[in-house]
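Asker: Build out the structure end to end from the sequences listed, making use of the hints.
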Amino acid sequence: MEKEMKIKHPMREQEPRERKKNFNEVPFGYDEETAVAEAERCLQCKKEPCRQGCPVEVDIPAFIGLIKERKFSESIFKLKEKNNLPAICGRVCPQETQCEALCLRAKKGEPVGVGRLERFIADWELAHGVEIPPLPAPSGKRVAVVGSGPAGLTCAGDLARMGHDVTIFEAFHIPGGVLVYGIPEFRLPKEIVAREVDYIKRLGVKLEVNVVVGKTLTVDELFDEGFQAIFIGTGAGLPQFLGVPGENLLGVYSANEFLTRTNLMKAYLFPLYDTPIKVGKNVAVVGAGNVAMDSARTALRLGAENVYIVYRRSEKEMPARLEEIHHAEEEGIQFNLLTNPVRLFGGDNGWVKGMECLKMRLGDPDESGRRSPIPIEGSEFVFEVDTVVIAVGQTPNPLVPQTTSGLKTGRKGTIEADENGQTSRRGVWAGGDIVTGAATVINAMGAGKTAAKSIDQYLNSLA
Amino acid sequence: MYRLITKKVLSSVHKLFEVDAPLVARKAKPGQFVILRVDDQGERIPLTIADADPERGTITIIFQEVGLTTQYLGAKESGEYLADFVGPLGKPMELPSPGGRVIAVGGGVGIAPVYPKVKALHNAGLNVISIIGARTREFLILEDEMRAVSAELHICTDDGSYGQHGFVSDILQQFLDDGKPIEEIIAVGPLPMMRVVANQTRPYGVKTLVSLNPIMVDGTGMCGACRVTVGGKTRFTCVDGPVFDAHQVDFDELRARAGMYLDKEKMALENCRCGGAH
Numbered sequence: 000m001e002k003e004m005k006i007k008h009p010m011r012e013q014e015p016r017e018r019k020k021n022f023n024e025v026p027f028g029y030d031e032e033t034a035v036a037e038a039e040r041c042l043q044c045k046k047e048p049c050r051q052g053c054p055v056e057v058d059i060p061a062f063i064g065l066i067k068e069r070k071f072s073e074s075i076f077k078l079k080e081k082n083n084l085p086a087i088c089g090r091v092c093p094q095e096t097q098c099e100a101l102c103l104r105a106k107k108g109e110p111v112g113v114g115r116l117e118r119f120i121a122d123w124e125l126a127h128g129v130e131i132p133p134l135p136a137p138s139g140k141r142v143a144v145v146g147s148g149p150a151g152l153t154c155a156g157d158l159a160r161m162g163h164d165v166t167i168f169e170a171f172h173i174p175g176g177v178l179v180y181g182i183p184e185f186r187l188p189k190e191i192v193a194r195e196v197d198y199i200k201r202l203g204v205k206l207e208v209n210v211v212v213g214k215t216l217t218v219d220e221l222f223d224e225g226f227q228a229i230f231i232g233t234g235a236g237l238p239q240f241l242g243v244p245g246e247n248l249l250g251v252y253s254a255n256e257f258l259t260r261t262n263l264m265k266a267y268l269f270p271l272y273d274t275p276i277k278v279g280k281n282v283a284v285v286g287a288g289n290v291a292m293d294s295a296r297t298a299l300r301l302g303a304e305n306v307y308i309v310y311r312r313s314e315k316e317m318p319a320r321l322e323e324i325h326h327a328e329e330e331g332i333q334f335n336l337l338t339n340p341v342r343l344f345g346g347d348n349g350w351v352k353g354m355e356c357l358k359m360r361l362g363d364p365d366e367s368g369r370r371s372p373i374p375i376e377g378s379e380f381v382f383e384v385d386t387v388v389i390a391v392g393q394t395p396n397p398l399v400p401q402t403t404s405g406l407k408t409g410r411k412g413t414i415e416a417d418e419n420g421q422t423s424r425r426g427v428w429a430g431g432d433i434v435t436g437a438a439t440v441i442n443a444m445g446a447g448k449t450a451a452k453s454i455d456q457y458l459n460s461l462a
Numbered sequence: 000m001y002r003l004i005t006k007k008v009l010s011s012v013h014k015l016f017e018v019d020a021p022l023v024a025r026k027a028k029p030g031q032f033v034i035l036r037v038d039d040q041g042e043r044i045p046l047t048i049a050d051a052d053p054e055r056g057t058i059t060i061i062f063q064e065v066g067l068t069t070q071y072l073g074a075k076e077s078g079e080y081l082a083d084f085v086g087p088l089g090k091p092m093e094l095p096s097p098g099g100r101v102i103a104v105g106g107g108v109g110i111a112p113v114y115p116k117v118k119a120l121h122n123a124g125l126n127v128i129s130i131i132g133a134r135t136r137e138f139l140i141l142e143d144e145m146r147a148v149s150a151e152l153h154i155c156t157d158d159g160s161y162g163q164h165g166f167v168s169d170i171l172q173q174f175l176d177d178g179k180p181i182e183e184i185i186a187v188g189p190l191p192m193m194r195v196v197a198n199q200t201r202p203y204g205v206k207t208l209v210s211l212n213p214i215m216v217d218g219t220g221m222c223g224a225c226r227v228t229v230g231g232k233t234r235f236t237c238v239d240g241p242v243f244d245a246h247q248v249d250f251d252e253l254r255a256r257a258g259m260y261l262d263k264e265k266m267a268l269e270n271c272r273c274g275g276a277h
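For the protein sequence lines, the chains are A and B, in the order given.
Just so we're aligned: the first sequence equals residues 0 to 462 in numbering that gives the first Met the number 0.
Just so we're aligned: the second sequence equals residues 0 to 277 in numbering that gives the first Met the number 0.
The hints are simulated quantities; they were obtained by calculation from the structure and are not laboratory data.
All C-beta atoms in this analysis are idealised placements derived from N, C-alpha and C, irrespective of residue type, glycine included.
Don't take every hint at face value.
Chain B regions said to be covered by chain A (calculated; three or more residues, Cβ under 8 angstroms) [stated by the list, open to error]:
#, region
1, 16-30
2, 78-88
3, 209-223
Answerer: This is how it looks when you write it as structure tokens:
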């Protein structure tokens, strides 16, 4: 018995052979019995180390304890005291480096499956009807939130629960930011995102899509329209390219374009949906972060025969979550590590047909603390590809910083903000990737939450 | 949802809509564009803003029915709605210094994006010589509008059915040859036309601008679908353009990239979804 308690209850998932042909979600989630059994693994220890690992301060032992007692609606209520988007976090948070990393059980086995339990209880609520918590009397204070990604949604939801009148402005036609354009359906179903957004709206938050702040409206104009505080959560939306010859050949995509076409525009359902995408037989995805894994697994599902991850460092340095790498390996993604593309070349028709690469070796650690890759002279080789996806990172979107007076920006185009998210301009907060550069959903949510508290204090200090 | 207020049929393939979009109308400047989606299954396409009326809160768009989305769009009637309409996007055009000779060249549906630029120059007190052309008389659009804002209007058709028989570049050549200095040329039209004009004016060293209309998805710098090589550097048309120095643009690359989805487009047209706009 004790031995069994050492590992997490597994979560059933689609077989790799099957799932690589469809866009359905990979794991099925716990049923009630499994969830209760997993909840029983929680030691309810006094120190509650897991809570230290949660960027949005969820009372983890409490919500798990309530699952154990089968008090499901109390459990989700407890969870949502701190986290407005649990069905999303339960799916995409890197729990292994956060709450679960600190779990007492992790010392002698596997930690409690906090993420799986969070997902279970959030899905339970979505299936049984979402309840809106009691809201305070309206404060009469108006806040504009720019961007409806994880930072903006969290900030807006928290401010609404504090009684403020919040409007979110979103540039795309669908809210969710990276949750809808970036993260694929098989990892985060868009129906789940829509339902979490619906919850935020039911808290009283207004949502205006098709408004590009910096173009359609500026931050200054939002103040003129009577908003008393503004939160900027515009993310890291600009794609980085390699800067090697041949990157504008046909068949070469930024990961942003590749994923946006597929996820937001539903190119995987073409021609039912009008947006096309082209994927050949041999696809190289350059990079090894989560976005690269998402792109590679998407390419496979779009019909590619061979999908390669091409990465200039070694396995140890790959920035993607272990779970994502594992899923990619299971599905047959091929890893070409210590390999750096130096040139793409095309055929007469303008389409990419090959990628020239150099073999690399690892040298001393660089400023990121990872061992830096050094080219091995004379190791050039070519492999044939007909589609290339560049997934080597994103940089902050400059539209808001460029058009807002009095906003200090950092070296890499980030907006400078203090630990509360307050920027150099009075009344303006920022959080998420626009401040930190590309990071995680949960860190953006944490920043949105912190900013909401600070904005609330500020609004209360106004006459 | 964005209401289509008026529809005008300009030719068998050219249509005009006035769209109710007050936020866009308030901000729109000549040279900028919008991205629209006809319905919930639709793709996002960019269209140049042909005119804006901030008081009425309307944006005018003009398009040629060339592919799936423009056909769906053309099938809409006034009183109906578009799912999405966002803008104004891209950089506004810069006005040339006054006094010099400015020539505007519009080919085919490219007359639509040329018109707001000529109008802006006209409103700024500049005299513009306009040259417009089309394949045949039926496809010549905005003649009266262009005449109203141009100091001179020259017209040609490929088949000689109206105006001078020949291409806009033939007329432009006369001005390049007349020996009088030209401050700036603005040329918008199909890629082959813009390439011809760029090659034609390059030896004369006359500043020549083109407005590009490549495939786009978001229109805010996020995806890079619209990348174009200008002066050896990769630029994003949506945020760095759409107006660029014609002499620096790599037209071969643009042309290739414009054809990236032609086979898919054909397939979509054949499979034309039911229950949609058609």
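Asker: If a hint holds in the structure, say so; if it doesn't, say that too.
Answerer: Here is how each hint holds up against the structure:
no., hint, in the structure
1, 16-30, "holds (count 3)"
2, 78-88, "holds (count 7)"
3, 209-223, "holds (count 7)"
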